[in-house]
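**Student:** Chains as they are written, first to last, in my numbering: chain A, 1 to 113; chain B, 1 to 110.
Read the hints as simulated data drawn from the structure, not as lab findings.
Computed from a prediction, not measured in an experiment: that's the story for all the values here.
Don't be surprised by glycine CBs; every beta carbon is placed ideally from N, CA and C.
Hints are not guaranteed to be accurate.
To be verified - Below are the EDC-like pairs computed for lysine to aspartate or glutamate, each with C-alpha atoms no more than 20 angstroms apart in a straight line:
| hint | chain 1 | residue 1 | chain 2 | residue 2 |
| --- | --- | --- | --- | --- |
| 1 | A | Lys100 | B | Asp30 |
| 2 | B | Lys67 | B | Asp85 |
| 3 | B | Lys44 | A | Glu88 |
| 4 | B | Lys41 | A | Asp8 |
| 5 | B | Lys41 | A | Glu88 |
| 6 | B | Lys40 | A | Glu95 |
| 7 | A | Lys68 | A | Asp85 |
| 8 | A | Lys100 | B | Glu53 |
| 9 | B | Lys44 | A | Glu95 |
| 10 | B | Lys71 | B | Asp97 |
| 11 | B | Lys40 | A | Glu88 |
| 12 | A | Lys100 | B | Glu58 |
| 13 | B | Lys44 | B | Glu58 |
| 14 | A | Lys49 | B | Asp97 |
| 15 | B | Lys36 | B | Asp85 |
| 16 | B | Lys41 | B | Asp30 |
| 17 | B | Lys36 | A | Glu66 |
| 18 | A | Lys49 | A | Glu64 |
| 19 | A | Lys42 | B | Asp38 |
| 20 | B | Lys36 | A | Glu95 |
| 21 | A | Lys42 | B | Glu24 |
| 22 | B | Lys41 | A | Asp85 |
| 23 | B | Lys67 | B | Glu24 |
| 24 | B | Lys19 | B | Glu82 |
| 25 | A | Lys58 | B | Asp97 |
| 26 | A | Lys100 | B | Glu82 |
| 27 | B | Lys9 | B | Asp85 |
| 28 | A | Lys100 | B | Asp97 |
| 29 | B | Lys67 | B | Asp30 |
| 30 | B | Lys71 | B | Asp85 |
Unchecked claim - Now the stretches of chain B that chain A is said to cover, found in silico as 3 or more residues with beta-carbon under 8 angstroms:
| hint | stretch |
| --- | --- |
| 31 | 43-50 |
| 32 | 90-99 |
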Amino acid sequence: AQSVTQLDSHVSVSEGTPVLLRCNYSSSYSPSLFWYVQHPNKGLQLLLKYTSAATLVKGINGFEAEFKKSETSFHLTKPSAHMSDAAEYFCVVSEEYGNKLVFGAGTILRVKS
Amino acid sequence: DTAVSQTPKYLVTQMGNDKSIKCEQNLGHDTMYWYKQDSKKFLKIMFSYNNKELIINETVPNRFSPKSPDKAHLNLHINSLELGDSAVYFCASTGTDGYTFGSGTRLTVV
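Take these sequences, add in the hints, and give me the full structure.
**Tutor:** Shown next, in the form of structure tokens:
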């Protein structure tokens with residue numbers, strides 16, 4: 001079965017500094033991987049997705065993620081944090097059949113001014 | 001607007017009541033889902049329907065009964081509500097462009 005582990009439950013950065021949210025996955029096949037963001041009391045917004053094309057995936061709002069098969073990682077990065085980035089971020093893997101999404105436990109990103 | 005729409009957005013009800021949450025998508029997708037986000041923000045799939053047929057049924061109490069009258073609608077009925085049912089319930093649908101989530105229904109059982 002597929003699973004994802006988000007290595008940090010909370011990450012705190014200063015505005016203008018880089019963001020790194022870590023995610024490791026476990027999958028018996030070549031997975032599809034996603035990052036979703038959820039702002040307080042809001043729904044889920046897709047940031048980016050990897051589906052076996054380029055290993056460096058660019059998403060919205062300046063976020064990127066790199067798929068590293070050898071490390072089974074899919075870390076999310078952004079060069080410069082903005083206050084509006086404060087939210088909870090979910091790393092997600094898709095099962096091979098049935099389109100079922102398996103969510104990580106989430107990482108809360110706090111951005112300090 | 002093309003979207004996945006859930007109603008109601010907020011629902012507060014007493015223990016023991018029966019309630020329904022409705023979901024509609026106008027994206028032409030064949031597959032729809034219900035996900036539950038608990039108080040710790042953990043998200044997990046509950047059900048999935050493909051063209052009105054149940055294809056995923058996770059270990060959910062049988063007090064929860066999904067109903068899909070057509071492929072554009074997937075409603076969730078919950079009998080005998082319990083405190084532990086308090087959560088945010090997200091509807092979603094998938095097509096060739098991937099997942100689209102609704103904005104969620106925050107259910108509070110008191």
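**Student:** All hints are to be evaluated individually against the structure, with a verdict given for each.
**Tutor:** Consistency of the hints with the structure:
1. Distance restraint check for Lys100 of chain A and Asp30 of chain B: the Cα-Cα separation of roughly 14 angstroms lies within the 20 angstroms cut-off, and the hinted pair is therefore satisfied.
2. A distance of roughly 18 angstroms separates the Cα atoms of Lys67 of chain B and Asp85 of chain B; the hinted pair therefore holds under the 20 angstroms criterion.
3. Distance hint between Lys44 of chain B and Glu88 of chain A is fulfilled; the C-alpha atoms sit about 16 angstroms from each other, no more than 20 angstroms.
4. For the given pair, Lys41 of chain B sits about 14 angstroms from Asp8 of chain A by alpha-carbon distance, which is consistent with the 20 angstroms threshold.
5. Proposed proximity of Lys41 of chain B and Glu88 of chain A is supported: the alpha carbons are some 9 angstroms apart, at most 20 angstroms.
6. Only pairs whose Cα atoms come within 20 angstroms are accepted, and Lys40 of chain B paired with Glu95 of chain A is rejected, the gap being roughly 23 angstroms.
7. Using a Cα cut-off of 20 angstroms, the hinted pair Lys68 of chain A and Asp85 of chain A is violated, with the two alpha carbons roughly 24 angstroms apart.
8. Of the supplied pair hints, the one linking Lys100 of chain A and Glu53 of chain B holds, its CA atoms being roughly 15 angstroms apart against a limit of 20 angstroms.
9. Between Lys44 of chain B and Glu95 of chain A the CA atoms are separated by roughly 13 angstroms; this keeps the pair inside 20 angstroms, and the hint holds.
10. Note on Lys71 of chain B and Asp97 of chain B: the hinted pairing holds, with a Cα-Cα distance of about 17 angstroms set against a maximum of 20 angstroms.
11. Annotation: proposed proximity of Lys40 of chain B to Glu88 of chain A holds, straight-line Cα distance about 11 angstroms (limit 20 angstroms).
12. Taking the CA atoms of Lys100 of chain A and Glu58 of chain B, the gap is about 11 angstroms. The hint holds against a cut of 20 angstroms.
13. Between the alpha carbons of Lys44 of chain B and Glu58 of chain B the distance comes to roughly 9 angstroms, so the proposed pair stays at or under 20 angstroms and holds.
14. Between Lys49 of chain A and Asp97 of chain B the alpha-carbon distance is near 11 angstroms, which keeps this suggested pair within the 20 angstroms criterion.
15. Restraint check: the Cα-Cα separation between Lys36 of chain B and Asp85 of chain B comes to about 9 angstroms, which is no more than 20 angstroms; the hinted pair holds.
16. Of the supplied pair hints, the one linking Lys41 of chain B and Asp30 of chain B is violated, its CA atoms being roughly 27 angstroms apart against a limit of 20 angstroms.
17. A C-alpha spacing of about 28 angstroms is found between Lys36 of chain B and Glu66 of chain A, which places the hinted pair above 20 angstroms, so the restraint is violated.
18. Distance restraint check for Lys49 of chain A and Glu64 of chain A: the Cα-Cα separation of roughly 10 angstroms lies within the 20 angstroms cut-off, and the hinted pair is therefore satisfied.
19. For the proposed pair Lys42 of chain A and Asp38 of chain B, the alpha carbon gap of about 14 angstroms is at most 20 angstroms, so the pair holds.
20. Among the hinted pairs, Lys36 of chain B with Glu95 of chain A is consistent with the structure: their alpha-carbon atoms are about 18 angstroms apart, no more than 20 angstroms.
21. A threshold of 20 angstroms between alpha carbons decides the hint, and for Lys42 of chain A with Glu24 of chain B the separation of about 18 angstroms falls inside it, so the pair holds.
22. The straight-line distance between the Cα atoms of Lys41 of chain B and Asp85 of chain A is roughly 18 angstroms, inside the 20 angstroms bound, and the hint therefore holds.
23. The straight-line distance between the Cα atoms of Lys67 of chain B and Glu24 of chain B is roughly 12 angstroms, inside the 20 angstroms bound, and the hint therefore holds.
24. A threshold of 20 angstroms between alpha carbons decides the hint, and for Lys19 of chain B with Glu82 of chain B the separation of about 11 angstroms falls inside it, so the pair holds.
25. Of the pairs offered as hints, the one joining Lys58 of chain A and Asp97 of chain B holds, with about 17 angstroms between alpha carbons and a cut-off of 20 angstroms not exceeded.
26. Taking the CA atoms of Lys100 of chain A and Glu82 of chain B, the gap is about 26 angstroms. The hint is violated against a cut of 20 angstroms.
27. Restraint check for Lys9 of chain B and Asp85 of chain B: the C-alpha separation of about 16 angstroms stays at or below 20 angstroms, so the hint holds.
28. Proposed proximity of Lys100 of chain A and Asp97 of chain B is supported: the alpha carbons are some 15 angstroms apart, at most 20 angstroms.
29. For the given pair, Lys67 of chain B sits about 15 angstroms from Asp30 of chain B by alpha-carbon distance, which is consistent with the 20 angstroms threshold.
30. As the CA atoms of Lys71 of chain B and Asp85 of chain B are separated by approximately 26 angstroms, the hinted pair breaks the 20 angstroms bound.
31. With 4 residues bearing a CB less than 8 angstroms from a CB of chain A, the stretch 43-50 of chain B meets the requirement of three and the coverage assertion stands.
32. With 4 residues having a beta carbon nearer than 8 angstroms to a beta carbon of chain A, the stretch 90-99 of chain B meets the requirement of three or more and the stated coverage holds.
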